[in-house]
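2 protein chains.
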Amino acid sequence: MTMHDTIRQLAVDCKQAARTLATLPTVVKNRVLAGMAEGIMAQRDFIRLENDKDLAAGRDKGLSSAMLDRLALSDKVIGSMVQGLHEVAALPDPVGEIADLVKRPSGIMVGRMRVPLGVVGMIYESRPNVTVDAAALCLKAGNGVFLRGGSEAIYSNLALAKVLQDVLVAERINPAAIQIMPTTDREAVNAMLTLEEQIDLIIPRGGEGLIRFVAENSRIPVLKHYKGVCHVFVDRDADLDMAVRIVMNGKTQRPGVCNATEALLVHRDAADAFLPKVGVALAGAGVEIRGCAATQKLWPATVPAQDTDWGCEFLALILAVKVVDDVDAAMDHIARHGSQHTEAIVTSGYANAQRFLREVDASSVMVNASTRFADGGQYGLGAEIGISTTKLHAYGPMGLKELTTQKFIVYGEGEVRS
Amino acid sequence: MTMHDTIRQLAVDCKQAARTLATLPTVVKNRVLAGMAEGIMAQRDFIRLENDKDLAAGRDKGLSSAMLDRLALSDKVIGSMVQGLHEVAALPDPVGEIADLVKRPSGIMVGRMRVPLGVVGMIYESRPNVTVDAAALCLKAGNGVFLRGGSEAIYSNLALAKVLQDVLVAERINPAAIQIMPTTDREAVNAMLTLEEQIDLIIPRGGEGLIRFVAENSRIPVLKHYKGVCHVFVDRDADLDMAVRIVMNGKTQRPGVCNATEALLVHRDAADAFLPKVGVALAGAGVEIRGCAATQKLWPATVPAQDTDWGCEFLALILAVKVVDDVDAAMDHIARHGSQHTEAIVTSGYANAQRFLREVDASSVMVNASTRFADGGQYGLGAEIGISTTKLHAYGPMGLKELTTQKFIVYGEGEVRS
Numbered sequence: 009m010t011m012h013d014t015i016r017q018l019a020v021d022c023k024q025a026a027r028t029l030a031t032l033p034t035v036v037k038n039r040v041l042a043g044m045a046e047g048i049m050a051q052r053d054f055i056r057l058e059n060d061k062d063l064a065a066g067r068d069k070g071l072s073s074a075m076l077d078r079l080a081l082s083d084k085v086i087g088s089m090v091q092g093l094h095e096v097a098a099l100p101d102p103v104g105e106i107a108d109l110v111k112r113p114s115g116i117m118v119g120r121m122r123v124p125l126g127v128v129g130m131i132y133e134s135r136p137n138v139t140v141d142a143a144a145l146c147l148k149a150g151n152g153v154f155l156r157g158g159s160e161a162i163y164s165n166l167a168l169a170k171v172l173q174d175v176l177v178a179e180r181i182n183p184a185a186i187q188i189m190p191t192t193d194r195e196a197v198n199a200m201l202t203l204e205e206q207i208d209l210i211i212p213r214g215g216e217g218l219i220r221f222v223a224e225n226s227r228i229p230v231l232k233h234y235k236g237v238c239h240v241f242v243d244r245d246a247d248l249d250m251a252v253r254i255v256m257n258g259k260t261q262r263p264g265v266c267n268a269t270e271a272l273l274v275h276r277d278a279a280d281a282f283l284p285k286v287g288v289a290l291a292g293a294g295v296e297i298r299g300c301a302a303t304q305k306l307w308p309a310t311v312p313a314q315d316t317d318w319g320c321e322f323l324a325l326i327l328a329v330k331v332v333d334d335v336d337a338a339m340d341h342i343a344r345h346g347s348q349h350t351e352a353i354v355t356s357g358y359a360n361a362q363r364f365l366r367e368v369d370a371s372s373v374m375v376n377a378s379t380r381f382a383d384g385g386q387y388g389l390g391a392e393i394g395i396s397t398t399k400l401h402a403y404g405p406m407g408l409k410e411l412t413t414q415k416f417i418v419y420g421e422g423e424v425r426s
Numbered sequence: 009m010t011m012h013d014t015i016r017q018l019a020v021d022c023k024q025a026a027r028t029l030a031t032l033p034t035v036v037k038n039r040v041l042a043g044m045a046e047g048i049m050a051q052r053d054f055i056r057l058e059n060d061k062d063l064a065a066g067r068d069k070g071l072s073s074a075m076l077d078r079l080a081l082s083d084k085v086i087g088s089m090v091q092g093l094h095e096v097a098a099l100p101d102p103v104g105e106i107a108d109l110v111k112r113p114s115g116i117m118v119g120r121m122r123v124p125l126g127v128v129g130m131i132y133e134s135r136p137n138v139t140v141d142a143a144a145l146c147l148k149a150g151n152g153v154f155l156r157g158g159s160e161a162i163y164s165n166l167a168l169a170k171v172l173q174d175v176l177v178a179e180r181i182n183p184a185a186i187q188i189m190p191t192t193d194r195e196a197v198n199a200m201l202t203l204e205e206q207i208d209l210i211i212p213r214g215g216e217g218l219i220r221f222v223a224e225n226s227r228i229p230v231l232k233h234y235k236g237v238c239h240v241f242v243d244r245d246a247d248l249d250m251a252v253r254i255v256m257n258g259k260t261q262r263p264g265v266c267n268a269t270e271a272l273l274v275h276r277d278a279a280d281a282f283l284p285k286v287g288v289a290l291a292g293a294g295v296e297i298r299g300c301a302a303t304q305k306l307w308p309a310t311v312p313a314q315d316t317d318w319g320c321e322f323l324a325l326i327l328a329v330k331v332v333d334d335v336d337a338a339m340d341h342i343a344r345h346g347s348q349h350t351e352a353i354v355t356s357g358y359a360n361a362q363r364f365l366r367e368v369d370a371s372s373v374m375v376n377a378s379t380r381f382a383d384g385g386q387y388g389l390g391a392e393i394g395i396s397t398t399k400l401h402a403y404g405p406m407g408l409k410e411l412t413t414q415k416f417i418v419y420g421e422g423e424v425r426s
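Taken in sequence, the protein lines are chains A and B. The numbering used here puts the first residue of the first sequence at 9, with every later residue one more than the last. The numbering used here puts the first residue of the second sequence at 9, with every later residue one more than the last.
Just so you know, these hints were derived from the structure itself, not from any lab. Hints are supplied without guarantee of correctness; some may be wrong.
One copy or two, it doesn't matter: identical chains are merged, so the pair holds either way.
Below are the DSS-like pairs computed for lysine-lysine, each with C-alpha atoms no more than 27 Å apart in a straight line [said to hold, decoys possible]: (1) Lys409 to Lys111; (2) Lys235 to Lys415; (3) Lys305 to Lys415; (4) Lys170 to Lys84; (5) Lys111 to Lys285; (6) Lys170 to Lys415; (7) Lys305 to Lys84; (8) Lys84 to Lys61; (9) Lys409 to Lys285; (10) Lys235 to Lys285; (11) Lys170 to Lys111.
With the rest of the complex left out, here is chain A (with noise of 0.2 Å):
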């Protein structure tokens, strides 16, 4: 068997399974993934045991500690895997719900049925974490599930998709329900993209270069977002004490994020103000400031910004920063240089509130709020399993809701067209 027909072999086997999982009652969903975080505290020395061989190979490979951090299955990873399981169990099944139900004049009732989407394909880089989470919020939505981790966190990834596996064999159900790419060849991952009769979904998660080549070589729909590149406009009237909170929120308090503030746009009205007041919370907190003309004048300790900078995606305690006109101003840069994730306005204006809000195009527009906050859990989907910053099927972050689809059904009674 060539390897392609071997990854291929895989995702026809998860298929099969997954036709089980859609129609699994939500009180045996629920109790498997309580299984699951039974059988990771059961198991945590073999999954230690295998994560070792992961740090191992990570430090003779000379991988940064920030890369080792992410990749350890520490007390405090492991305890958070196991709350996850507990929390995706505690979440409302979405399978099976039926919305919009009407009579039709025929005589026929119609509705909408959730349904799972079928089987979900999860690219992902180190965080081992990942198999469990993606692997429990894909059950509990009736899907299958197939894992395709970073080859740096192999060993970490096997061993706990067999403890999964494990307990959906010891419940009677196809273990091929999630399944775990075997090999770390680059190629599998080819294969992988090219099984749209299998595979219904990819979610690509990772640095943008993963989600890039993924996207450019999958058959099957992707949803994905390649950088967050959130904006920050401070209107004319805005209440500068809130401004500078929700900047310096958005600027600093987790810089690596995808929902970190990159660039602040600030109206000429309020520069003279508002810049030095935020110049001098932002110098205290370490970041460094990149701005145009009008900031550098009102700000001495600016950077010039290159034009590089707008639309640039730091992940560090560095912050664009632009004088506009107006509103229109500020939504005309968005557009050019956001990155459909989230955009937030500061202001007291009711219209320029219900503007922005209304015309600007991401996933995720706020008035008075900060940017940090575009989070599935934060905005009560439960867990996350991805943020799309494309407008198909999903838009933002995604939850249990986003893995399921709607079907119609019709009931009849004997009703004919004419």
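Position chain B against the provided structure of chain A, taking the given hints into account.
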């Protein structure tokens, strides 16, 4: 400028125009739609003249009379295009609707606002009325549209698009919101399908060949259905008169469309009574039965079914018939041979009705109703832009709502994350 550049520029202009459309007030959109209806009536002589060129060319090329019939813009077709425009104007505007607005523990209010997709690419075959129907639905949903009709309808399509664009100009709306492919060159379609930065969604409508070509060559997401192989399963305890009505309506009311019934599955305990009964009715309507061995025994006029008859979209007065052991065997047959379009059960049993609805994976699943009801109009969606049998974004008939997506909006009062 190369042809690829020309096509790209049309799409760039369309995307630019779509940004304005996205925020157009409902009253303006409805006025434009009414203006288009007027424009078509006022310009009917011009439209007819151009249509005559296509008809003459079609006759020269030896098109069938059925093809010429689909191409002709008769009074009736023009009347139905005009009525379609008024109907789309009368539909509720989905854009701007805010759903699920909830207060989160952090204090922020989070909801989902319905927004346009951006630019929709329509690729279709001979019927020029699709030009008007698709433009109207896309406009109402706030999308730009890039139209590429069949080469045999090029003069008609260009004429219709010109009339629609003139109305946009009169309303001071950028006419690039409705673009039409100026050439019938096949290469131009290939160019269009690469424009993922400008076009958000492709909807192909036509024969399976066209749709497969589009799906295989597009870098843009495609919503499509290849074919409709719709089954009716007559359960053991079905009301047999009702079952005959449903089968006859599904097979004979309009055999050439995708929601026509192509196959009949009969529970073995119902076969003795049902097959002679439905056989008489089908024979009376000139329907050829291609059946399994058991069917042949109970209805001697049966043509023995070949393997290729299962899962075949006949689009003609032919019906594949198979006797099955039970509802599970019926659902297995459907899983193997169905096309995820529309599947129906005729039953008087509560349990099997509910199981069939829940377990059959198709975009429309029906109890005791004709498969011919699988239609946007019949479901109350208003007009239909197409049918999707893929699960991402839309599954089943697609109306205005399916031409939009939802973004997250956040109303804050200065909240930051802790």
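Results for each hint:
Taking identical chains as interchangeable, the C-alpha atoms of Lys409 and Lys111 lie at most 27 Å apart whether they share a chain (25 Å) or sit on different chains (19 Å). For the identical chains of this complex, Lys235 and Lys415 are inter-copy neighbours only, at 17 Å across copies versus 32 Å inside a copy, given an alpha-carbon limit of 27 Å. Taking the shortest alpha-carbon separations for Lys305 and Lys415, neither the intra-copy value of 59 Å nor the inter-copy value of 37 Å comes in at or below 27 Å. For the homomeric pair Lys170 and Lys84, the shortest alpha-carbon distance inside one copy (21 Å) is at most 27 Å, but the shortest distance between copies (65 Å) is not.
For a Cα distance limit of 27 Å, the shortest separation of Lys111 from Lys285 qualifies neither inside one copy, at 60 Å, nor across copies, at 31 Å. In this assembly of identical chains, Lys170 and Lys415 lie within 27 Å of each other by CA distance neither inside one copy nor across copies; the values are 33 Å within and 38 Å between. Neither within a single protomer nor between protomers do Lys305 and Lys84 lie at most 27 Å apart by alpha-carbon distance, with minima of 47 Å and 69 Å respectively. Only within a single protomer do Lys84 and Lys61 lie at most 27 Å apart by alpha-carbon distance; the minimum there is 19 Å, versus 74 Å between protomers.
Proximity of Lys409 and Lys285 under a CA criterion of 27 Å is satisfied in neither setting, with 42 Å inside one chain copy and 45 Å between copies. Proximity of Lys235 and Lys285 under a CA criterion of 27 Å is satisfied in neither setting, with 29 Å inside one chain copy and 63 Å between copies. Proximity of Lys170 and Lys111 under a CA criterion of 27 Å is satisfied in neither setting, with 48 Å inside one chain copy and 40 Å between copies.
Going down the numbered hints, you'll see the structure goes against 3, 5, 6, 7, 9, 10 and 11, while the others check out.
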